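Residue numbers (the numbering used here), protein chains in the order written: chain W, 7 to 162; chain Y, 68 to 324; chain Z, 105 to 748; chain B, 12 to 441.
Hints listed in this document are in silico derivations from the structure and should not be mistaken for laboratory results. Because the structure is a prediction, the values reported are computed rather than measured. Please note that the accuracy of each hint is not assured.
Unchecked claim - Partial list, derived from the structure: chain Z residues whose beta carbon lies under 7 Å from chain W:
#, residue
1, GLY454
2, ALA560
3, LEU561
4, GLU562
5, ARG623
6, ALA626
7, VAL645
8, VAL647
9, ALA652
10, ALA654
11, ASP659
12, MET684
13, GLY747
14, PHE748
To be verified - Label pairs and their in silico Cβ distance ranges:
#, chain 1, residue 1, chain 2, residue 2, range
15, B, GLU333, Z, ASP356, 37 to 45 Å
16, W, ASP44, Y, GLU193, 41 to 49 Å
17, Z, ASP669, W, ASP44, 57 to 65 Å
18, Y, GLY248, B, ARG376, 56 to 64 Å
Claimed, not checked - Listed below are several chain Y residues computed to face chain Z (Cβ distance under 7 Å; list not exhaustive):
#, residue
19, LEU95
20, ALA96
21, ASN164
22, PHE199
23, ARG223
24, PRO224
25, ARG227
26, GLU229
27, LEU233
28, ARG237
29, VAL245
30, ASN280
31, ASN282
Backbone N, C-alpha and C fix where the C-beta goes; we use that ideal spot for every residue, glycine too.
Listed below, chain by chain, are the residues.
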Amino acid sequence: MQDGVAAAMESLDLFRQLTEAQRRSLAALARLEDLPQDAVLLRTGEASARLWVVLEGRVALSLDVPGAVEALLLTLGRGELVGWSSMLPAPRPRAVANARALEPARLLAFDAGDLQRLCEADHEIGWVVMRSVLAAVGRRLTETRLQLLDVYGKRP
Amino acid sequence: MKPRLAVIKLASCDGCQVTLLDLEDELLAIGEALDVAHFTEASSRFDPDGPFDLTLIEGSVSQPRQIPIVRHARAMSKRLVAIGACANTGGLQALRNWANHEEYLSLVYARPEYIETLAESKPVSELVPVDFELNGCPPDRHQLLEVITAFLVGRRPNIRSESVCLECKRAGHVCVHVAYGIPCLGPVTQAGCGALCPGKRRGCYSCFGPRENANTGSLADDLERKGLPPAEVARRFRLIYGWAPPFRAESARREKP
Amino acid sequence: MTAQALARDDLGALFDALRAEGYRVVGPTLRDDAIVLADLRGPEDLPAGWTVRQGPGTYRVERRDDEALFGFAVGQHSWKGFLFPSRERLVEMRREDGALEHRPAARDAAPLAFLGVRGCDLAAIEVQDRTFMRGRHVDPGYDARRRAAFVVAVDCLEAGDLCFCASMGTGPGVERGFDLRLTELGPRFLVAVGSARGASVAARLPLRAAPAGDERRRRDGLDDARAHMGRTMQADDLPGLLFGNLDHPRWDDVAARCLACANCTLVCPTCFCFSVETVSDLSGTEARRDRAWDSCFTVQHGQIHGATFRPRIKDRYRQWLTHKLGAWVSQFGVSGCTGCGRCIAWCPVGIDLTEEVAAIRATSRPAVAMPPPPAPAPAVREPMVPATARVTAVRRETDDVVTLRIAHEIAFRPGQFHMLGLPAIGEVPISIAGGDGRSVDHTIRAVGAVSGALAALEPGHALGIRGPFGSAWPLEACVGRPVVVVAGGVGLAPLRAALDTMAARPLDYPSVRLLYGARTPADLLFTDDLQRWAADPRFAVRVTVDHAGADWRGDVGVVTRLITDVPPDAVALVCGPEMMMGFSVRALCAAGLPAERAYVSMERNMACAVAHCGRCQLGPYFVCRDGPVFRFDRIARLFDQEGF
Amino acid sequence: MTDGERTFRVDLMTRVEGEGRFELRVRDGVVERAVLSIYEAPRFFEAFVRGRSIFEVPDIVARICGICPVAYQMSAVRALEEALGLSPTPTLRALRRLFYCGEWISSHALHVFLLHAPDFLGFPGALEMAAAGHRDLVERGLRIKKVGNAILERIGGRAVHPISARVGGFTRLPTPAELGALRDDVARALDEAEIATRWAAGLDFPAFEQDYVFVSLVGDAYPLEWADEFAVSGRGTLPIADFERVCVEAQVPWSNALQARLDDGRTYLTGPLARFAHNAARLHPRAAALAPPAPVRNPHASIVVRCVEIVHALAEALDLIEAYAPEGPAYLEAAPRESTGLGATEAPRGLLYHRYAIGPDGLVREAAIVPPTSQNQARIEQDLIGMAPQLLTMEHERATRLCEQLIRAYDPCISCATHFLTLDIERVTP
């Protein structure tokens, strides 16, 4: 199992900047999760304790809309983070979206508490991890803004 | 069923309606293409209730009784077109918007308690959304016909918000501002009149109101450079379309000592 | 041959000769205290003894101390008004009982003789010739009037206060391009013949040998004029200089003064921009399209269904100056400025382009390289008269998008567009979404009056069609390479024919990746085609939407998220809203694709579609002629430039 | 039937310019209330013309009325020139008269063919009339009207709120060729107007002869753009300077317009009937040949007099165009000075009086404008009272329609009537 973790971590751009030793320390905190289609990773209102990286398959983020059908916000694929808010300092915010597997998926899962403690203890790892999280969050923010622009919408 | 036309009047000189009646060559064709359902200046058969496919509304809102008329017109009309300076921006009578209303009333009428008017002469669009505003005091009759035609055939009217200068140059008129030193508001005024004033050797006095992107400041500076006192520059901007925001702002700037 | 002269008192003979050869004589005359161009009865209508004093924003006629007939600089009017009239009818249309007829408008072809054409103005006529006669499409009205016109040129022996023709190389002498040339030397005119037609008229004149020394007097006069030009302009490298300084602070400075009144453009003898208006009777039975002088200073000129490309006065002035002195060279191989000075005199607030250029030059950044002009290729006449065609099938793609199949036998290249029109409503550019030689498919989104009316057509209905126009997707450059197609919204339509071509030629296109973004699943076009392409093993199709419900199994997110693992030798074809294309090309480049292998399809407000009306300009390009498909690196500088 | 209360009332009068209502209440054969109530919004022109340059006045006062803007411009110009001491050249006076002819033709044709004729032929309006077999008549009217507008446009740029009139003359003089181009159209319209006059004379008019006090300008020519005197029936000819003393405006609570009466309290009539009564001998021969015996005292028959005035205006326009040979400047100039000037012209609907006080800076200090409809308003109410007896035996709807028709015969111009001031109003209000 841990061999699978190490191989997965090596294959991801996300961890490319870590040294071999650092990657090993991180790998010790991770495990692989295989999810069937429609498996729920996160539900709105839960305080998430894990951070996932998608390895295979797609994960959908969705929003419960009162009185309407659930709205899909974003689909996440290989190399993308799910549950990044678990990396925020306590008290961790509760999830504002649902995350579920759109199809059978394999993910790398970290216990957020362990990960934060490791980052705290080893600031070099912490810096790389947090920069990766920030990059992912930043990209998502930009893409969300583009969605907000509604570029395909009807102009007058 | 022919589309139903209404012509409604608020505070005005009736010149816009007269302009419609001045379409001597097309009036009967309009009567054939449209059901002129409400046009009290032209017919005793009228229907204030609607509904209407196209409503032309003339005049400014200047009495309390006109407010429900405008709201009703909007509610009952597929297309509501504000025609003329009064309906666009309050018109010439909006000059009273700068003055003390009570004082004006007492100046004109010895017993103001008989008279019910609002403190300001307002454009129609201040009360309800309008589908189109046709500029001009009065509007050009060809443009008025174009508005009616465009709505009948289903396109946007060919009414451009360009400066009078384009029409003036297309007509081949000599520029009165450059060649004779006659102050002209053409560069900041919306075309549509056919550049009448320069054609009669006179400066434009903006009876079609501000054009899109009117650089009133630069023109006003130029008029002052040419010797017009700021108070006169202010007056020129404060006339028929004086209450239109760009002109209102410019006259306020020039008026300051 | 000895030089010949015509006595001033014999000038009437010139009028007689011109009339005898069938010309209507137009030229300068004093009217309403200005020298204008109008019909002339004879020499008595010329402004004898008058001159003009001009400055920025001022013009006054004054008496001279002699009786010279041509002793004045050019005035507000130019010959443009005769060759390219301010209003002209282009097409007449009639729709009745389902029949639709398009016919070219009748033209008045009475030949004109232009009397008193100065060097700058003759150069200006030749500049406009390039626009209306030397491109692929020939304007028939201009062409007929120009070919018929007889030019009597006049040398300028005195420079005007605002003249800088010497800087622009167009004057003060006239050396070619005339039928006859006059040089006013006191009591006589030195006469030169420049053409066979000129010789024919000259043969009717009582010419005498010119006194010795007249030729030298002419040269001295021209030298004197050259030495006393009221203005100068350093004209070398202007295109690159201006396009290299699009962010220069001087643009803000001039924008504060500029009224955007358009006077400079309308008095300019070379400005050619026009708008096309659809006019109809109340019933929509009779309609016509008219053109009228327009200007880059009007909001309509830079508008496309509601969006305004040049909202600020700064954008418009910069468009004008960069076009006049810069882009023109790339478009037509010549500067658009002849140094006549009209734009300075007739600007109500006296903005002086020579001063503006000098100010930019004083603190400029380096010049940039500009594209060369295309080779002249006159080919198509009556380009504004549509053919009548009928809708044979209508397919509803989404709530507001339909595909019309139109019976029209025409060859086109994927990426090109047609102008589709309805007589009383108007005309719009619509890309070609497919075709089989006997019919063409057009996918139309109902956004405005014309597209709305087109989208409402039913099988059997007639419409007007012009084209095809413009550039195509570089399908030959894609042969053998992986192709990445990025489409957004209705932007898939202009790519459809290209995708079908690639689907039909498996050996040429081994790998095609289609990345398609739309607003919602309900907004996806061509769902059958998408499935068909997806089933082809060479195709990889990925679809993403901005918003979806829980039942959607595809991707959600912006289309740029799909741009990963771009093969380094790929060619990318991108079409969609400009914002989406910008982000997509940037993502492609970030993924390693060089910008010269990314192609985008641009949209501007094409009104004539034949590079005459000037409305679809994008810097040095006409979108209708040089686009709509552009190699991205060629327009990258303007792509994100506000105001272009 | 005649007992009890009967009320004849129309809340929105149609085919008149502007907005008004009337009410006639009769109890037991006695008229209790007869009011013409003008609820048209007031627009305060006299107030905001203060502080404006005298050169802006023609543009401002034109906007009082979209039907007779030229009348306002010409009265203002006349008054302001008097204040400046300017005497227009013969060319300017002739052009001004031609200009005014255009407005008479256009305004009278509008009233005769589009507004008034439907009353006699039994239609709600001209479009309905044209659709039901009277297309020729309406088209003829429109052709005549168009010629009036063409004259206005040629001289003033446009028919509604023309732009070329200025204090001292015009901004530019038309060339003889420009005016000459109108000649044939005017001649044709004159022929058509003669036919129309004969048609109008043949209409049936309700019997309603009234004993009017007529007030109009009088002078050497049929009064139009200029006169220094006015005539009041029974009181002879008076200088125009006496106008405000003789014709006094007062406010009434039921109307947004002021009402004028003579200084002796009597109502009076201004307009075509009054002009005709005082000036029939000065009509153009072509008009005189068609004119009924003067005076005409039945307001319903005013349509005939209007037609005669159309013929007069067209005939005179034709003469003026043919004689036009401009001499002198387009306008005369004079430095502004502190002064007061007054002037009156004959608007299509009657005497239109202006008075301005100006300061040394050339700005207006005070303005007084007396339009024809406010002068006629009291007389209209008196006519309603006079009509009451014949209404009582009539079917209600028909009676009401007859009241409206009576008012319409005056061609009231309600927008004009609503924005004027006399400073001594308190004094004369009961």
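If you check each hint against the structure, which ones fail? Those not satisfied are hints 1, 2, 3, 4, 6, 7, 8, 13, 14, 15, 16, 17, 18, 19, 21, 22, 24.
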